[in-house]
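Residue numbers (the working numbering), protein chains in the order written: chain U, 5 to 118; chain Z, 176 to 289.
It is possible that part of the hints are untrue.
[As the list claims (entries may be wrong)] What follows is a set of in silico ranges between Cβ atoms, one per label pair, in the way DEER data are often shown: (1) Z:190 to U:75: 46 to 52 Å; (2) Z:231 to U:9: 23 to 29 Å; (3) Z:180 to U:66: 24 to 30 Å; (4) U:118 to Z:176: 31 to 37 Å; (5) U:86 to Z:229: 44 to 50 Å; (6) U:66 to Z:178: 23 to 29 Å; (7) Z:261 to U:118: 33 to 39 Å.
[What the hints assert, rightly or not] A few chain U residues facing chain Z, derived, Cβ under 10 Å: (8) 6; (9) 26; (10) 30; (11) 34; (12) 40; (13) 48; (14) 49; (15) 105.
Derived from the structure by calculation, the hints contain no laboratory data. Quick reminder that beta carbons are idealized off the backbone N, C-alpha and C, glycines included.
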Amino acid sequence: AQSVTQPDIHITVSEGASLELRCNYSYGATPYLFWYVQSPGQGLQLLLKYFSGDTLVQGIKGFEAEFKRSQSSFNLRKPSVHWSDAAEYFCATFTNFGNEKLTFGTGTRLTIIP
Amino acid sequence: SAVISQKPSRDICQRGTSLTIQCQVDSQVTMMFWYRQQPGQSLTLIATANQGSEATYESGFVIDKFPISRPNLTFSTLTVSNMSPEDSSIYLCSVGRGATGELFFGEGSRLTVL
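Chain Z extracted, bound-state conformation (with noise of 0.2 Å):
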């Protein structure tokens, strides 16, 4: 299995502001993928991040509103941009483990925008 640690847990933001969450793996990973979880609702796939080069995005989601970081193999930053209201969801960091097909998630990071 894989620890992933994610920082921060939960925090409260004022609308306009950007917050970068922080992912670290126990282990060297190829890919890291951040997903989104709004309230009540399933998760939602905002990015691959692959180290070495640009995060990959999924349709709805681009890279000014989510700027994403991969500077190593077990490290990754998911931004939230100029936050609204809207954006207060919980994010979510997990890796894969290739054949496998298992993916491993973080706890999250709880965000709520004012």
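Chain U extracted, bound-state conformation (with noise of 0.2 Å):
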């Protein structure tokens, strides 16, 4: 079965600065990633997907992933952050190929400071 790895639990950030979330995956193929926010009491919000083809993907509200096979990672970035980012942060993956059960990573809870 597939799984991500996310190793940075909480994360704190200054607003206007860059952001970069890590994310890696276990699986030989090339494997349906994807990247979730979950803001405070709300539900989870689909930032941005990959399934094949161009390795870095632009998402929602800013946010990009690159796809980096050699290192089997997926991280989340972005440029400049604002306060409104601060929420917690999850990568999935399919938990087997064919069907659509996600497993998620453990998170990253994303602190902004002014």
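Two chains, two separate frames, one set of hints: put the complex together.
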């Protein structure tokens, strides 16, 4: 089964600074990868996804992620964070290829300081 | 995209009671998924609900504790039975979009068991 690992539990960034959240996947072939955001008291919203093709994926809210096969990574980036970006971020992948069951990473909580 | 409505959004329940969570989708979908998010944790898939058949439960979850109904292609319920404080979680309903692999989530039902 596929899985993802988010090594950072909590990250604090100053408003206006750049951001990178790490995600590593375990799967031999090209995985399907997702980044979701969960704002306080809210459900999950899809930021972006990668299935194939261009390894740099653009998402909503100014986020992007880059698929790097050599590093088994799918890191999420944003050049300049806003206070409203404070949330929990989850990397996810399909549990098994061919179905829609997601396996989530443990999440990274992002705190923004003024 | 899909619009998913969950009820209740939150509830406080007594130990030993049961609560049914409803999930309504604005379009017909084949599979619906129920996830649990325990406090400070990531999301764990409870079961997959297909219309017209019994739900498929993940390891560690059983039908007696989490009975699920799926009477039609736009609606599902999850019941948390004989609740204990350990059941205090956010329960989220999600639906897929088939070939795109994208999942949409409801805002969740936050359950507190005293």
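Violating hint indices (sorted, rising) | 8, 9, 10, 11
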